[in-house]
Amino acid sequence: MKSIPLALLPPPLLKVLARRFKGLARLFTPFFPELDLELQRAGMKFRAEEYVSYVLVAFVSNAMVFSLLFYVVFMKLMIPPNARLWLLSSSGILMFTLLMQISYPKYIIQKRAKEIERTLLFALRNLQIRLKSGIPLY
12 MKSIPLALLP
22 PPLLKVLARR
32 FKGLARLFTP
42 FFPELDLELQ
52 RAGMKFRAEE
62 YVSYVLVAFV
72 SNAMVFSLLF
82 YVVFMKLMIP
92 PNARLWLLSS
102 SGILMFTLLM
112 QISYPKYIIQ
122 KRAKEIERTL
132 LFALRNLQIR
142 LKSGIPLY
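Just so we're aligned: the sequence shown equals residues 12 to 149 in the working numbering.
These aren't lab readings, by the way, just hints derived from the structure by calculation.
Since the model is a prediction, treat every value here as computed from it, not as a measurement.
One thing to keep in mind: the hints can contain errors.
Unchecked claim - Using 27 Å as the maximum straight-line C-alpha spacing, the simulated BS3-like pairs for lysine-lysine come out as follows: (1) Lys33 to Lys117; (2) Lys56 to Lys143; (3) Lys56 to Lys117; (4) Lys26 to Lys56.
Work out the full structure: start from the sequences and follow the hints.
Listed below in structure tokens is the structure:
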């Protein structure tokens, strides 16, 4: 099942709701011109438009949950209520999650590159030992 990080909704519900955000995703996709290539390099089976629609659904659901949570904390539990702190904290968390979701393919690409670099050293050492000892490669 396709999913994205920091999404509070389960993947099946996210998939159903993402279909309704396809039109809005078409408007935002041009702002991320390399997203299609990044998704392909990361091995994620998304198209850029589809991924942006998932991110939009996750953003809206996170906005509702975090706004409600911070509203209860800052407006009901604090004495005196602090509306500025409520708006600032909920918008800060939302922007953080949005940036993390959009940059997640870049993170996966970097993670895969580090893994390849880590195993490449041992493979090259093995190849060097075989060549120096005279063992044919094939």
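Results of checking the hints against the structure:
1. Lys33 to Lys117: Roughly 22 Å separates the two Cα atoms, so the pair holds.
2. Lys56 to Lys143: With a Cα-Cα distance of about 42 Å, the restraint between Lys56 and Lys143 is violated, given a limit of 27 Å.
3. Lys56 to Lys117: holds, 14 Å
4. Lys26 to Lys56: Measuring from Cα to Cα gives roughly 13 Å; hence the hint holds.
The earlier numbered hint that this structure contradicts is number 2, and it is the only one.
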